[in-house]
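Undergrad: Now for the letters of each chain:
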Amino acid sequence: MYSIIVVPPPTAEDRTTPTQLRLAPGERLTFGRGAACAVRIPHEGVSRRAGEITAQGAFWTLSNLSGRQTYVVENPEGAGEHIKVGPGRLEAPVPFEFSRIVLPAAGDLIGIDVWAPRHDYLRADGDIEGTTTAPAFSVDRSKRYFAVLAALCEPRLRGAPHAPPPTVDQVVERLRPHWPAASRTSVQWNIDYLAVKLRLKPGPEEADPGPRLNGKKESLVSLALRFDLVREEDLVVLTGPGGPAR
Amino acid sequence: MTEPYAVPVPRGYRIGGWEVREPIATGAFGSVYEGRRRDGQPATAALKFLPTGTGTPRQLTHLRELVEREVELYRRLERPRLIRMYDTLVVDDPERPELDGATVLVLEQAQTSLSALLAARPRPPSGPVLLAQICEGLAQLHRAHWVHGDLKPANVLLMEDGSARLADFNMAAELEGTHAYTPAFSTPDYTPPELLWAEIGERGRRIRPSADVWAFGVLAHLVLTDTFPLPGGTPSARRDAAAAYARGTDDLRLSPELPDDWREIIRDCLTRTHAERVTVEPLLRRVETAAGTARSPRRVLARPLLAHRPRRRTLTAAVLAAAASAALGYGISTLSADDDTGDRGQGPSATATVSSATYGAAELRTGKGVPAAYRVLIVESAHDCAQQDVTPALIAAMLKAESDFDPDLSDPANDEYGIARWTPRVLRFWMNADGTPADTVPEPPFPPAESIPAMGRYLCWIAPRLDTGLPGDRRVLIAAAYRTSYSKVNDAGGVPEKYGAYAARVARYLKEYTPPGRT
Numbered sequence: 001m002y003s004i005i006v007v008p009p010p011t012a013e014d015r016t017t018p019t020q021l022r023l024a025p026g027e028r029l030t031f032g033r034g035a036a037c038a039v040r041i042p043h044e045g046v047s048r049r050a051g052e053i054t055a056q057g058a059f060w061t062l063s064n065l066s067g068r069q070t071y072v073v074e075n076p077e078g079a080g081e082h083i084k085v086g087p088g089r090l091e092a093p094v095p096f097e098f099s100r101i102v103l104p105a106a107g108d109l110i111g112i113d114v115w116a117p118r119h120d121y122l123r124a125d126g127d128i129e130g131t132t133t134a135p136a137f138s139v140d141r142s143k144r145y146f147a148v149l150a151a152l153c154e155p156r157l158r159g160a161p162h163a164p165p166p167t168v169d170q171v172v173e174r175l176r177p178h179w180p181a182a183s184r185t186s187v188q189w190n191i192d193y194l195a196v197k198l199r200l201k202p203g204p205e206e207a208d209p210g211p212r213l214n215g216k217k218e219s220l221v222s223l224a225l226r227f228d229l230v231r232e233e234d235l236v237v238l239t240g241p242g243g244p245a246r
Numbered sequence: 001m002t003e004p005y006a007v008p009v010p011r012g013y014r015i016g017g018w019e020v021r022e023p024i025a026t027g028a029f030g031s032v033y034e035g036r037r038r039d040g041q042p043a044t045a046a047l048k049f050l051p052t053g054t055g056t057p058r059q060l061t062h063l064r065e066l067v068e069r070e071v072e073l074y075r076r077l078e079r080p081r082l083i084r085m086y087d088t089l090v091v092d093d094p095e096r097p098e099l100d101g102a103t104v105l106v107l108e109q110a111q112t113s114l115s116a117l118l119a120a121r122p123r124p125p126s127g128p129v130l131l132a133q134i135c136e137g138l139a140q141l142h143r144a145h146w147v148h149g150d151l152k153p154a155n156v157l158l159m160e161d162g163s164a165r166l167a168d169f170n171m172a173a174e175l176e177g178t179h180a181y182t183p184a185f186s187t188p189d190y191t192p193p194e195l196l197w198a199e200i201g202e203r204g205r206r207i208r209p210s211a212d213v214w215a216f217g218v219l220a221h222l223v224l225t226d227t228f229p230l231p232g233g234t235p236s237a238r239r240d241a242a243a244a245y246a247r248g249t250d251d252l253r254l255s256p257e258l259p260d261d262w263r264e265i266i267r268d269c270l271t272r273t274h275a276e277r278v279t280v281e282p283l284l285r286r287v288e289t290a291a292g293t294a295r296s297p298r299r300v301l302a303r304p305l306l307a308h309r310p311r312r313r314t315l316t317a318a319v320l321a322a323a324a325s326a327a328l329g330y331g332i333s334t335l336s337a338d339d340d341t342g343d344r345g346q347g348p349s350a351t352a353t354v355s356s357a358t359y360g361a362a363e364l365r366t367g368k369g370v371p372a373a374y375r376v377l378i379v380e381s382a383h384d385c386a387q388q389d390v391t392p393a394l395i396a397a398m399l400k401a402e403s404d405f406d407p408d409l410s411d412p413a414n415d416e417y418g419i420a421r422w423t424p425r426v427l428r429f430w431m432n433a434d435g436t437p438a439d440t441v442p443e444p445p446f447p448p449a450e451s452i453p454a455m456g457r458y459l460c461w462i463a464p465r466l467d468t469g470l471p472g473d474r475r476v477l478i479a480a481a482y483r484t485s486y487s488k489v490n491d492a493g494g495v496p497e498k499y500g501a502y503a504a505r506v507a508r509y510l511k512e513y514t515p516p517g518r519t
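Quick note, the sequences are listed as chains A and B, same order.
Each step along the first sequence adds one to the number in the working numbering, with nothing skipped, and position 152 is 152.
Each step along the second sequence adds one to the number in the working numbering, with nothing skipped, and position 234 is 234.
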C-alpha cells in the first residue's frame, strides 16, 4: 500500500540495483549523516539529521532539519521546475510526480530521488466525486513514461496485433527526434518505472537479482492495451510538435 | 440530466421490438433508457446501451470484456435478488455510426436506485430492510461462486414494491478457487484496503468475496448514518484513511449514531485484513436479525459444488480450516457442501462425511504411502487450480520426490526447506493465497499447510507457460519446471538432462498414486 518511493543516492555496493524504499501514507523517513537516519549519507557536508520525508497520501512533504542549508527539490522532467525548502521549514509539500532533492554538501551536490507514482490524473470521461467506477490506473500523458509506453504499444496499435514490442534501442530511435537526450538507460528507467506505476505483478524470476523480469515490456503493452491506457490517437505524443510534452 | 450520457440514444429509437423512451441513468460505461413495446411481455424494460461498436467514437477494447462479464453472469445466474436479463440485442444501424454495433441488454426495469433514494432522503427508514435484501443478493452471488466486485448504492436498484436487487455486473467474476479475476476498475470509496494499489497481473486484479463484504460495510454505514465510515472530505482523503487504518496506524471510528448491533456488523465487515472479515452467510443471519426481517430461505443441496465442473471444487474457508487442522494431525471428520441451485431444486440438506485417510480417493490412491495428514491439503491445493494437469497425484508424487513427505526437511546447502523443498526467495512469490508477493523473504520452517498450497499455486502458474508441443507427460514436465524453471524446460524442448532422474522418480510415483482408470 505504499504511495511514495525513495531512491537514496547510490552507494558503492548497489551501483547495479539501486535501493528503493517504499513509504505508505503517513510513514516518515529521515536522512542525514547520523547513524540513526534511515537513509545514511556519509558525507561530511551533510547534517547529522538533514531532513525528513513524509508520505501524505499520493504526495509527500519535505522537512529541512539542517541549520543553514537550503534544499532544492527539482522536477527532473520539468524543464527547470523546482521548489526551495529553506532551513527549518517543516513539511513543505512537493507537487511533482518525479523529484530530486538536491543537498548542497561542501561543493558537491547529492541527489535523493523521490517518486510519487500514485498521483491521480483526470480521465477524459471521469468525474472527481469518487462515485464512478474508475480504472485502477492513472497516467500523466505529458510525461516521458507515457511517450515510452506509447512507443512500446505503437506496432500493435498500428494494426499488427501480435507484433513483439519494440526493443529498447528501437524505442530510443523512435523518441529521439523529440527527446534528444533519450538513451538506453533513460528508456529502460522509464520502463522500470512504468512497471512500478502500473503495478505489474513481479514474476518469480525477479526473486533472483540476476536476470531482468522476462517479458516486462510485453506485460506493459498488454496491460496498457487491455485497459486502453494508450489509444491510437495518443500516438501523436511520438510525432506531435514539442515532443512528448503536449 | 446533470451529466452527459455515455451513449446518447434519441427518444423513439427502435431496437428489436423495443422503442426507446426516457433516459434512466448513465454510468461510466453505458447508458440506460426506458424501453416499451406494444406486444409481448413485459411491456416495459430497461435498455442498457453499451458502446461496443467498431465505429463508435469511444471505441474501447476493455468495454467488450466488461460487457461479456455482465452478459455471462445474467445468462448463468437467475436469483430473486439479482436484476433479471430478458434478452441481448446488437444495434445494426450503419446510418448511426455512434450506435452501430452497440450491445443492448434488455433488463428488468426498476423504479429507482439506492443512490437516488439516498440523495432524496438520507437515512431512509427502510434502510435496515434494504440492507438485509442487499446482503441476501450478495449471499445469492457468493453461494453461486461469483463476486460482484463493484457493490455501491448506484448498483443497487429498487423495484416498484420498494425491494432491493443487485445490478451492474460489469466487474463480476466467477470464483476460481478462492479468487476471481476482475478488470482493474473500482469505485474508490467501496474498495477494500488490500485492493488499493493492488498489483495487477495478466488476467486483471485478483479479488475475493471479502471485497464485497467490505463494500457492504461501507454501504451499510452510508445508508444508516449518511456518512462514510472512514473520515475525510474527498475520496482520496478517505482512501488514505483506509490505508492508514489497514496499516494499523489508525483505529476505526464508526458513527456514534449507529445502533450497537449494526456497529458490530459493520465493524466485522470493515476489518483491516480480508482474512478477518465475516463471510456472507453469518453476515446475512446477523443483518437479518438486526433488521428484524425473516430469515431468507436457504437451499442446501446434496451434490458436489459446481456441478458443471465436476473435477473442480472450491477450496472454501471451511475446507481450508479443515485442511490446516488435518495437517496438524487432528484428522478431519466432516465437510459440508453448501450450494444454491437457484430456482429449481429443493434437495434435503446434506453433509458428506469423509475421513482424511481416504480423502479424494477417486483422484489420489489410498494405501500407497501418501500420509493421511496431507491428503486434504494435497487434494484441495490441486482443486484450487483450474489447470487440468495439476492433479492431486502430481502434487503427491512431487512431495514424495522432493522430500519423501518430510515436513521438517532442512537443506541449507541448497537453500531448500520443508516438505516441498521451497527456496525461501522463491516461496516469497507464492506463499500468499491472493497471489501477491510477501513483503519480505520468509524464513524456514515452512509448514506443510503453507508449503503445499504454495506449491499448487506455483504449478498452476507454470502449467500454461510450458510450450504445447513438448514431448512427454505434461505433468512430469510441470514437475521438472518446478525444479528448474518453465523457460529452461521450454528451451530444452523437454525435461532438461540434469533433471532426468528427478523426472523419472516423479513419473514413477505419479503412476503409483493415480487411481486405476485415470490418466
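These are computed hints drawn from the structure, not numbers from a lab.
Be a bit skeptical, because a hint or two may be false.
The calculated lysine-lysine pairs, modelled on DSS-like cross-linking and capped at a C-alpha distance of 30 Å, are [what the hints assert, rightly or not]:
(1) LYS498(B) x LYS368(B)
(2) LYS488(B) x LYS511(B)
(3) LYS498(B) x LYS488(B)
(4) LYS498(B) x LYS511(B)
(5) LYS216(A) x LYS511(B)
(6) LYS368(B) x LYS216(A)
Undergrad: All the hints need checking, so say for each whether the structure fits it.
TA: Right, here's what the structure says about each hint:
1. LYS498(B) x LYS368(B): holds, 28 Å
2. LYS488(B) x LYS511(B): holds, 25 Å
3. LYS498(B) x LYS488(B): holds, 11 Å
4. LYS498(B) x LYS511(B): holds, 22 Å
5. LYS216(A) x LYS511(B): It is violated: about 38 Å lies between the C-alpha atoms, which goes past 30 Å.
6. LYS368(B) x LYS216(A): violated, 44 Å
The earlier numbered hints that this structure contradicts are 5 and 6.
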